[in-house]
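**Q** The whole structure should be built from the sequences, with the hints applied where relevant.
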Amino acid sequence: MNRFWLFGVIVLTGLWLGGCDGGPEREAVREYAAVATPDDPELAETYERSCKSCHARSGSGAPLTGDAVVWTRLIENKGMERLIEHTIHGYRGMPPMGHCMDCDVEDFGRLIGFMARGPQE
Amino acid sequence: MISRRQLLKFAAALPVVKLAGAGAPIKQARAAEATARPASNVIPWRNWSGLQVAHPRQRVAPASIEDLQQLVAEASGGVVRPVGAGHSFTPLMNTDDVLLSLDRIQGLVDYDNENHTAVMEAGTRLYNAGELLDEVGQAFPNMPDIAEQSLAGAFGTATHGTGAGLGCMPVYVNGLELITADGERVYCDADTRPDLFQAARVNLGALGVLSRVHLQNRPSYRLERTLEWQPIEEILAEADALADRHRNFEFFYIPFSGWGFMDRQDITDAEIRLSEDHTDQNEGVYTLQSLRDWLGWSSRLRGFAMDMYMRRLPAEHTVLPSWQTYTHTRAVRFNEMEYHLPREEGLKAFREIREVLEKNFPEVFFPFEVRWVQADDIWLSPFYRRDCISIAVHRYYDEDHTAFFKAVEPIFRRYGGRPHWGKLHSLGPQELAALYPHWDDFLEVRQAMDPEGRFLNTYLRELFGV
Chain Y
1 MNRFWLFGVI VLTGLWLGGC DGGPEREAVR EYAAVATPDD PELAETYERS
51 CKSCHARSGS GAPLTGDAVV WTRLIENKGM ERLIEHTIHG YRGMPPMGHC
101 MDCDVEDFGR LIGFMARGPQ E
Chain S
1 MISRRQLLKF AAALPVVKLA GAGAPIKQAR AAEATARPAS NVIPWRNWSG
51 LQVAHPRQRV APASIEDLQQ LVAEASGGVV RPVGAGHSFT PLMNTDDVLL
101 SLDRIQGLVD YDNENHTAVM EAGTRLYNAG ELLDEVGQAF PNMPDIAEQS
151 LAGAFGTATH GTGAGLGCMP VYVNGLELIT ADGERVYCDA DTRPDLFQAA
201 RVNLGALGVL SRVHLQNRPS YRLERTLEWQ PIEEILAEAD ALADRHRNFE
251 FFYIPFSGWG FMDRQDITDA EIRLSEDHTD QNEGVYTLQS LRDWLGWSSR
301 LRGFAMDMYM RRLPAEHTVL PSWQTYTHTR AVRFNEMEYH LPREEGLKAF
351 REIREVLEKN FPEVFFPFEV RWVQADDIWL SPFYRRDCIS IAVHRYYDED
401 HTAFFKAVEP IFRRYGGRPH WGKLHSLGPQ ELAALYPHWD DFLEVRQAMD
451 PEGRFLNTYL RELFGV
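Chains as they are written, first to last, in our numbering: chain Y, 1 to 121; chain S, 1 to 466.
I should point out that these hints are in silico values taken from the structure, not numbers from a laboratory.
Possibly wrong hints are sitting among the right ones.
Straight-line C-alpha distance at most 25 Å; calculated SDA-like pairs for lysine to any residue [as the list claims (entries may be wrong)]:
#, chain 1, residue 1, chain 2, residue 2
1, Y, Lys78, Y, Gly90
2, S, Lys406, S, Leu427
3, Y, Lys52, S, Leu51
4, Y, Lys52, S, Tyr286
5, S, Lys348, S, Arg300
6, Y, Lys52, S, Asn282
7, S, Lys348, S, Leu435
8, Y, Lys52, S, Gly107
9, Y, Lys52, S, Leu274
10, Y, Lys52, S, Val136
11, Y, Lys52, S, Leu132
12, Y, Lys52, S, Pro44
13, S, Lys348, S, Asp244
To give an idea of the chain S side of the interface with chain Y (calculated C-beta under 8 Å), a few residues [unchecked claim]:
#, residue
14, Pro44
15, Arg46
16, Trp48
17, Gly50
18, Val60
19, Ala85
20, Ser101
21, Asp103
22, Gln106
23, Tyr127
24, Glu148
25, Asp280
26, Asn282
27, Thr329
28, Arg333
The calculated label-pair distances, taken between Cβ atoms and stated as ranges, are [stated by the list, open to error]:
#, chain 1, residue 1, chain 2, residue 2, range
29, S, His55, Y, Ser60, 27 to 33 Å
30, S, Ala448, Y, Gly118, 53 to 59 Å
31, Y, Pro119, S, Ala448, 55 to 61 Å
32, S, Gly428, Y, Glu85, 35 to 41 Å
Yeah, the Cβ is synthetic: ideal placement off N, Cα and C, and Gly gets one too.
**A** Following this line, the structure appears as structure tokens:
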């Protein structure tokens, strides 16, 4: 058996051994993210035209607004300063400035603070 | 069916021989750039991909057209550049002076359902524009696939969707409103200031700030969409005929796989329907990246794995309102080069590009995108008086694109291609003047509109040769 076909056998074995896709969905978080908006009208206006397009939509890859478990872990592991730095410079799928071209550091901090809060907070 | 996770598990089980340098150069460049930042508290502005960086001393987002007029008129010297989503890959928006966001000037201003026309604020993002029009029973005749772009950016750079019988976005505009360098508000259409209208339909943000667009729409409609995987040679054999047969047709090619998928869309009255076998294109790109990382050392093995996976992928059928079918959020960032080629030459160029890539660039994993666009008569439209096939190549945002793009650009140029204004290219004023019969006419209008060059950054000065 040449090397190429040997790899073919490994492919098939690997695929056969592979697990199945799936996992529990958190419907409540998704529902909250889709409708949540800051109480402060100025912050709400900024959120609506920037963060919301990704952070309110499940499947975008961005942590959902109000998903306190994920945000708490992010803030604990990275720290607020680093999260703001990622926002300014972009990070993986997150575009630089998070779609808010006129935001300053304070705005980004307030927006992250809002998104990190769960529905009951 | 073989799942994406199963495919990745297989790849991860193989010996780790990652491609050397697949992502290193650009990261080093970014680190150097970060240390070269000004010491002040100025927040850098970057475009969507992160490739372009500038340090505007002022970033402003006026809340109304009147505020916009005042801001432009009173901006104290320096270059003013309007910005939407920052989705251009070229340095069109870069300025260290005044960056002007139109994000707070969005919305539907007026509409007329008898003639299917509407007036919209130019800062409106496409995903909002499509929904707002749908609410009053109208729709764009065609749309591009990036949802985040602003109307101003889409019109300014001749952004396009796909459809052999459909033009780029600026084709479907009846009139435009701009804010000039001294803050004046001007309107133009085919009868009122016709030269300005011709220049402003594709304007690169160089004539003024586009504030409102008067759209020629059509009644809202649904599209039935079919995504189907096929060997690339089979796609190439029928692609041009399918482009004529379907209202919207395009295909993607997955490098090193021998496979691509076709995207066909036609107007329908059928009920809304979502596909049960939906492929997330963002996740798909990460899958291709992982396969590159783990199997890139053997193009043959990489191709074998992808072939096994792709030949089992089912077709997807959806029925959705047109604006939801056309536009998508791209959650995987990239840099892009796209050229628009004479329709009869496009697929020949595609074959050459594929050959160059698969021979010399194993690190590339992003799909090619191939679209059809109808000819128009707009001065700086890349589709000026010729039907085109548009071919786009991409590289992941965090990996160096330069060698690959440098290798394929001569192929695009040899077939008479014109570059997309918002995507990477190396052409200067002499080459562009040869490609655009109305190049000098545009420059004349630009000079009259902005004699002091307040909207010209360094890149635009070099591009125009002024």
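**Q** Work down the list of hints and note, for each, if the structure agrees.
**A** Against the structure, the hints:
1. Y/Lys78 to Y/Gly90: Cα-Cα ~15 Å, so holds.
2. S/Lys406 to S/Leu427: Answer holds: lysine 406 of chain S to leucine 427 of chain S is near 12 Å, not above 25 Å.
3. Y/Lys52 to S/Leu51: holds (24 Å)
4. Y/Lys52 to S/Tyr286: holds (23 Å)
5. S/Lys348 to S/Arg300: With a Cα-Cα distance of about 24 Å, the restraint between lysine 348 of chain S and arginine 300 of chain S holds, given a limit of 25 Å.
6. Y/Lys52 to S/Asn282: holds (18 Å)
7. S/Lys348 to S/Leu435: Holds, at roughly 20 Å.
8. Y/Lys52 to S/Gly107: holds (17 Å)
9. Y/Lys52 to S/Leu274: Distance ~23 Å between lysine 52 of chain Y and leucine 274 of chain S Cα, so the pair holds.
10. Y/Lys52 to S/Val136: holds (23 Å)
11. Y/Lys52 to S/Leu132: holds (17 Å)
12. Y/Lys52 to S/Pro44: holds (22 Å)
13. S/Lys348 to S/Asp244: holds (18 Å)
14. Pro44: holds (7 Å)
15. Arg46: holds (4 Å)
16. Trp48: For tryptophan 48 of chain S, the interface hint holds, since the closest Cβ of chain Y sits about 5 Å away, which is under 8 Å.
17. Gly50: holds (5 Å)
18. Val60: For valine 60 of chain S, the interface hint holds, since the closest Cβ of chain Y sits about 6 Å away, which is under 8 Å.
19. Ala85: holds (7 Å)
20. Ser101: holds (4 Å)
21. Asp103: holds (5 Å)
22. Gln106: holds (7 Å)
23. Tyr127: OK, holds: tyrosine 127 of chain S within 8 Å of chain Y, min 7 Å.
24. Glu148: Since chain Y brings a Cβ to about 7 Å from glutamate 148 of chain S, closer than 8 Å, the hint holds.
25. Asp280: holds (7 Å)
26. Asn282: With a minimum Cβ separation of about 6 Å from chain Y (threshold 8 Å), the hint on asparagine 282 of chain S holds.
27. Thr329: Interface hint status for threonine 329 of chain S: holds (6 Å vs cutoff 8 Å).
28. Arg333: Where the cut-off is 8 Å and the nearest Cβ of chain Y is about 6 Å from arginine 333 of chain S, the hint holds.
29. S/His55 to Y/Ser60: 27 to 33 Å: holds (29 Å)
30. S/Ala448 to Y/Gly118: 53 to 59 Å: Since alanine 448 of chain S and glycine 118 of chain Y have Cβ atoms about 57 Å apart, the given range 53 to 59 Å holds.
31. Y/Pro119 to S/Ala448: 55 to 61 Å: Once the Cβ atoms are compared, 56 Å apart, the range 55 to 61 Å for alanine 448 of chain S and proline 119 of chain Y holds.
32. S/Gly428 to Y/Glu85: 35 to 41 Å: holds (36 Å)
This entry satisfies every hint, going by the numbered hints stated previously.
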